[in-house]
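Residue numbers (the working numbering), protein chains in the order written: chain P, 1 to 375; chain D, 376 to 933.
Keep in mind the hints are simulated off the structure, nothing from the lab.
Predicted model, so just to flag it, every value in this text is computed and none were measured.
Worth double-checking, as some hints may not be accurate.
[What the hints assert, rightly or not] Below are the DSSO-like pairs computed for lysine-lysine, each with C-alpha atoms no more than 27 angstroms apart in a straight line:
| # | chain 1 | residue 1 | chain 2 | residue 2 |
| --- | --- | --- | --- | --- |
| 1 | D | K662 | P | K107 |
| 2 | P | K314 | P | K289 |
| 3 | P | K330 | P | K314 |
| 4 | P | K362 | P | K294 |
| 5 | P | K278 | P | K362 |
| 6 | P | K216 | D | K439 |
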Amino acid sequence: MESYEPLPENRDPVVHLDRQFWIVTAVLAVLALLSILFWIWAPITIFMPEAVDKAQEIDALFRFLAATGTALWIFICGYVLYFSLAFRRHAGTPENAVGIQIHDNNKLEFWWTVVPTVFVVLMAIFSIRIWYGIEVAPGNTLVVEAIGHQWYYTFRYPNVNGEVKEMHLPLGQPVTVHVTSADVIHSFWIPAMRLKQDMVPGLINTMEFTPTRPGKYEIICTEFCGMFHGDMHSGTKENPAYVYIDRPAQYAAWYARTERQQANASNAVAAPASNQLKLAGGDAAAGAKMFATKCSACHALGPFDQRIVGPGLKGVLYDPAHPQLVDGDKATPDNVAKILQNGFKGSMGQMPNQAGNALSNKDIVDLVAYLKTLR
Amino acid sequence: MAATAVHAGGGLADHIHPEPQGFVRKYVFSIDHKIIGIQYMITAFLFMILGGMLAELIRVQLMKASGGLMTPETYNEVYSIHGSTMVWLVIIPLLTGGFGNLIFPVQIGARDVAFPWLNMLSFWIFPVAGLMLYASFLMGAPTAGWTEYPPMSLQGQAGTSMWAAAIFLIGVSSTMTGINFLVTILKMRAPGMTYTRMPLFVWGQFVTAPLLMIATTALGAALAALFVQREFGVAFFDPARGGSPLLWQHMFWFYSHPAVYIMILPAFGMISEILPTFSRKPIFGYKMIAFSSCAIAILGFMVWAHHMFTSGLAPALQLPFMVLTMLIAIPTGVKIFSWVATLWGGVIHMTTSMMFAIGFLATFTLGGITGVFLAAVPFDLHAHGTYFIVAHLHYVLVGGSLMGILAGLFYWYPKMTGRLMNETLGKWAFWLFFIGFNGTFLPMHWLGMWGQPRRVAMYDPQFQGWNQVASWFSFVMTAALILVLINALWSMRNGKRSGHNPWNARTLEWQIPSPMPYYNFKHVPSVFAAPYDFAEPLPYRGLEEELTGAPPPVPAAH
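With the rest of the complex left out, here is chain D:
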């Protein structure tokens, strides 16, 4: 069957432009998905340093029950910008714009995304919006948390409007990325790359793209309304003039719950690549993993009001939102069981990347389980708005998304630089991170249960001990992240040369040189199977010249 399907070359798929030569066109205003991916990562990691510093300010403030480091006003600004940074300037850009851009087009055998110029625009909006967000400090930053509930956010300082504008812009960027990725995956797969042969990281991006496209529009509308009310006095959220404060909550969570899945589905994809590679085993239950991602994305649109169980939601609505939220545990459970089963009977190479992926299984699972607790309305009535929520969301976003990002960083770093990150430093970083993370956030579960509300600059002195524990461990976690940063910078010049495929991985990005060349593929390959059969020959044709010194094909003349 194979021979006829082989791509002959010279068709539309081989249409290529010459590589730009000037520094600005090559590295600054690049339209190459790989450069854009790296730009996203560098920018997002810079914002992560800022967001991390804010996080440490929070932990230092909370070492004393009476606060002490900052005034409540400053503290409120700090945690609001910390949350906004980590969600919109770090996790989402890293997983979609960063790793998404860098990897998935190569994994489907494409030369670039469908709309490279749009991709460049998506990226360049992001640092501008990020700077706007930080500029809000100069005007008096927002203080009502990353959720900015009105009427509180209506009383906020002038920077709150700036915040709304900045997040709106980020939303525009996200929406464009979503469209771009969706079209790329739908239209630009290499011959033979059917949906059931796509690597699971591509599945992660494929399911995330529509979420970015659809959900972000609701956030945009909410932010526009907030901005208009703050600046021009139109009473969207003012009950005295016929508005409703709950309107914001509905619109905000209609975005922000799917956004939770935007922040985790690509990480699921990463884990689904890393575990089989380092276990030398096919991913267990490929179809169920792909299918469960779709189920999570669809259910993810139907559960937003579980953030509002105490807000005055009609009882008739609480019930379906509770049950639908609990249902998400089923596809998520299927994924976790499949990952665990992937480990069974493998030949496990315990690299740093693999350690982060295995750490992810432990911590994300805990965050997922407490998520089911919170889905139960009666328990949520107690835990909502407390440190239990803070613990839960950090277990999902740090123990889930960030662990996935770190696993992905160690895994795909050679594809960016041609060098490996240092494994010894990496393993130190893993253990410090794992211990620091759990030590920081595990005590927050009982702190919340016992009565510490979130978003407070001072608290009941009886909780001081556990807060100090959390703070000390947070320093360990920060040290681990600094170690990762040092490792990444040091390895850029001094890391071991990786060769094209240091991990013996089977997806397409590992079959071309590291760093990946401008065209990705000299000839677009043909695909014959999913990439997880480690005992079989590679299921690709047309890659013969990729690693040879053969010159790239002559670009089409214009």
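Same shape as in the complex, but just chain P:
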């Protein structure tokens, strides 16, 4: 084998790009320009209406990203295709032919680092501006709470008791949505708003926007949440999930109607099924003692409307005048136990939950057994 001679340091040939290269570059530039124009005028809203102010901003960002990205992709793929064809080895090329032995080009590498950096900085600035608008609350907002369940959504409104299954928002009114979950992680996505937040148990995430277009829009869950995750959108009959953006008068009517319908609803969060206490075998005598120490400060042993803080509880499970408990649920031992577990907050005042009253599960079972004896 011949001895190895070290290669000279600066050994790259001088390169002149030919006319063909510049013609191809011009064609690619035209295509890139057309793609940019396409994304500027692309009728996105035909497929996806923009229902809130933020949607327009996010779409503007998307147009910018898509235009830049498509133009870049056209250039890269165009050159790849052109080089692959133009420099393809022909049938007559000798087996040992080599290409132009060029290793690098500092100027070229400098520019193709700097130009993308400029674009990244532009992208970052554009994104941060829009992000800032999304993150900062507009103030004077309507606060609505959205709660994810397996496999449906519920909503809470100020001064409306309990949870409702439809989300209505007034046009033009800044809205803050607090999203959370009663069980596993869900996600709350309204494509027409271009906004989404995960519903994480034990955590409240926030979305802020102002509705700008009346209509009925889908809510879709985008975080896998169990067997019927695919059902958590409006495509299925069982769990319609929509947000309605109403004109202010319509909204006011809906709100008044809902407030009335929900007057007797409980704000207690429904206990997860696994926590449902088994009520058999309660000790009524122990319950009576417990009632005297823990409950009698607020609840009389009189009829339902004899209030101290809460209602009187004599015959609460049998009272024909009050067949229902506060949340519209039937006055059954199970529902009473639920209130004891979760507490109550609403039209009839407040009651601490199980922990607040320092009740054990057995205490609750005993108390329910005792209440059963009051006829």
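Start from chain P and add chain D according to the hints.
The following block gives chain D in isolation, referenced to the frame of chain P:
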């Protein structure tokens, strides 16, 4: 300068053991990096068949908006195991344990990796863990996707704990491979093989090894915590008892984002070998390609929370994660531009391997660009958790990693078997794959934008048309992969004999016989330059006897 640096022979680098003769020691419990590499590949391709079948089950299910083939429960199991298989049992083992083991030790002029026994252990954990993962089907497989977010994964069936154990074991195997490769590259390079003379595939493995070592430990901790909570009720992820579901997401993505680079950096290395070889040109901007790999690896550790923009991440954290993620576009762009420039002025041999490498440039670039879109928090708020993500990740992992793997398979197949794969079949496979792949995943971009969430067994009927398009094209893609499989099996016995260097490539593995002999090198060579100067003589000394019939040196006595 050269003469004094030439390796004299007979030193520590020449220390060799006799080749084992029994079938079991030679092919089953082998400590030879090449056999282990092939074992990894065969095992991973077998799992790829399983994972591919699951993928087709998904596509058949989604041909109808109402589902129909499977119950939602089964469907959830299927896509969870599909994702876990493809990430942990196919792409990572193929790129590191498979092609890494087979090629990079030879490329640095070493006789084996630093810890051959550890290497064997790494491999044998992998099929065991894979079988455990599939055994979880018997117990009720996990259903919450390959990410297994709690609290959902806490409700999962019994197999979810099995899944955690299996992935934990894979992690142990990965970590050991990372240590092994890192030490090998640091300590076992041939004389003269400086860092700036290493082939770029070695650079790919060199940068990947620390990722395997460091990131996988976070995954191990997360999996252990999940297992302990599921089996013993310790409330790591339960908010009612002081835990946090987001803790899992942080730990999981602290691994799984670097894992994205584990799955692409070695493929970058492959492309950086294949493009210059078939263009007969030095790789353009060698130093920038190597340097940008390092930059990607370092940045890769600082961007994990971009998977959590909608999870309730503090706004003050969203901003740096967004900007750092966008920064990754710069080193990645530098690589892509360098590859394109490598093609310019070449003498391009359009082999199947080269076609896959060029296809990689088109599809990976698209996946990279949509990655920048998703880095922008406002756009991510819309696209997160939808089919847009599914499209993006498959463009990167199939259009990137798998395209690289297929290019590498056609390229290095002769080094395993001494035969070439069939080029005609290969080109058919390329075109079917390229068309099938784009037809499957391109429509998913707009499906996601219009409102199809990922991980659903049924969906809004208005999306049925495009889903059917995706499904039909996925059958084309599968046909292409079956063609590659047939080609690989057929060529083992019937392929054209390749000789030692069918592609006129210049890295060290092509200077020794095919298949590569047990010792790799009869004499450890000396290296004088990077291997990309196609107009120059080879920059190696000491290879004179490699291709002659000269007997290998007598193994050191024990």
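So, going through the hints one by one against the coordinates:
1. D/K662 / P/K107: Holds - the C-alpha atoms of P/K107 and D/K662 are around 14 angstroms apart, at most 27 angstroms.
2. P/K314 / P/K289: 16 angstroms, holds
3. P/K330 / P/K314: Holds, at roughly 16 angstroms.
4. P/K362 / P/K294: At roughly 14 angstroms apart (the allowed maximum being 27 angstroms), P/K294 and P/K362 satisfy the hint.
5. P/K278 / P/K362: 10 angstroms, holds
6. P/K216 / D/K439: Holds, at about 26 angstroms.
Checked against the numbered hints given earlier, the structure satisfies every one of them.
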